[in-house]
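*Asks:* Spelled out, the chains give:
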Amino acid sequence: MALAFVTMAQAVDGPGARARMGDLPAFDSVMRQHERLVLVTALRLLGNLEDAKDVSQEVFLRLYRNLHRVEAANNYQAWLYRVTVNLCHDIGRKRRPSVAMEDMPELVSGAADPQQSLSGAERQRLLQMSLRALSAKEREALVLRDLEGLSTEEVARALGSSEATVRSQISKARVKMHDFVERYLRRRV
Amino acid sequence: MNCVEWEERIALYAGGDLARAEAQPVERHVAKCAGCQVLLSGLRESLALVREAHGEPIEAAHFAAVRARVLAGLERAPARRWRYAWAGALAAAVLLVGLWPRPELHMAVPIPKAPAAPAIARTVPPPHPRALAKPRPPEPVQQASAPMVVKLLTDDPDVVIYWITGTKGE
Chain U
1 MALAFVTMAQ
11 AVDGPGARAR
21 MGDLPAFDSV
31 MRQHERLVLV
41 TALRLLGNLE
51 DAKDVSQEVF
61 LRLYRNLHRV
71 EAANNYQAWL
81 YRVTVNLCHD
91 IGRKRRPSVA
101 MEDMPELVSG
111 AADPQQSLSG
121 AERQRLLQMS
131 LRALSAKERE
141 ALVLRDLEGL
151 STEEVARALG
161 SSEATVRSQI
171 SKARVKMHDF
181 VERYLRRRV
Chain V
1001 MNCVEWEERI
1011 ALYAGGDLAR
1021 AEAQPVERHV
1031 AKCAGCQVLL
1041 SGLRESLALV
1051 REAHGEPIEA
1061 AHFAAVRARV
1071 LAGLERAPAR
1081 RWRYAWAGAL
1091 AAAVLLVGLW
1101 PRPELHMAVP
1111 IPKAPAAPAI
1121 ARTVPPPHPR
1131 ALAKPRPPEP
1141 VQQASAPMVV
1151 KLLTDDPDVV
1161 IYWITGTKGE
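Heads up: the sequence lines are chains U and V, in that order.
Once you know that position 84 of the first sequence is 84 in the working numbering, the rest is easy, because the numbers rise by one and skip nothing.
Going from the second sequence to the working numbering is simple: count from 1 and add 1000.
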């Protein structure tokens, strides 16, 4: 998914410009445009919906205070990803989640193809647990590249890293995640 | 062949992160290595699984809750700013009243006009040698309501010090 750019007309007459003048209904529509990006990214990085909601709230309050700058730069998404990742990183440093395969409860299923028979809730659980098996940097790189679909260059910009570093983090993260998923499904059968 | 050295490149290839020139050697290796074929297909399946899970919708109520909290915070913010502004204005007003010069203080101590000083000095008789040694004590003030003027003589006959006080000794 490529980053979207705001057109000149949007910059002048769009909800962002009106929100900058203190129009709260206009800011509400700005939030609606970007809320999924912020909340879901925060949820994947933190693994906890309540924390993700707190981060989303803070991201949008900061966006409101920085609307003039974000509008001028003409790129909401890059700004939102960067701030969301930074806030999650700060929270993540305080609470270091870790997961061990042994901590996972036994799953009862004897399906021939466990991957096909996973329920939505199980898939969510597997996704969150496999993300927690990664280091913070690997998780950030994988969430932005593989789940949110940013290019390696965009991920590097959001994380303040080089593209080479991001590629290395992504490849390690993919291998670790694959190992985790494989072990999870093997246990399930 | 040690396939660990291919692992990183295969992981990048699985996600489409290799340029054509980088991808070709990986494709050639995977074509003849059963272990790496399993790794590549496993990586692709894992990626598909987590992407599918990631794409599942989140309840709209969670987004609405965040928006409501943000808007409530923004609506409160201007009121708080005005409250601080009023408190600041009040503090400034109190300070101003406290520092404002009070008229009664000025009226209690009238400042003598400049020409009056030399005229008084000239009326003083020539100083006695002993009087020059130490200043003469101030004369008692009879009228409590009038400002008290104390004249001090110094060793220099041209220098006379006037000490003007209010009725309460201010």
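Simulated from the structure, these hints should not be mistaken for laboratory data.
Keep in mind that this is a model prediction, so the values were computed, not measured.
Some hints could be false.
Claimed, not checked - Listed below are several chain U residues computed to face chain V (Cβ distance under 8 Å; list not exhaustive):
hint	residue
1	V40
2	L49
3	S56
4	Y64
5	N66
6	H68
7	W79
8	S130
9	R174
As the list claims (entries may be wrong) - Okay, derived cross-link-like pairs now, DSSO-like style, lysine-lysine, Cα gap no bigger than 27 Å in a straight line:
hint	chain 1	residue 1	chain 2	residue 2
10	U	K137	U	K94
11	V	K1151	U	K176
12	U	K53	U	K94
13	U	K172	U	K94
14	U	K94	U	K176
15	U	K172	V	K1032
From the three backbone atoms N, C-alpha and C, an ideal C-beta is built for every residue, glycine too.
*Asks:* Which of the listed hints are broken here?
*Replies:* Result: hints 5, 6, 7 and 11 break, sorted rising.
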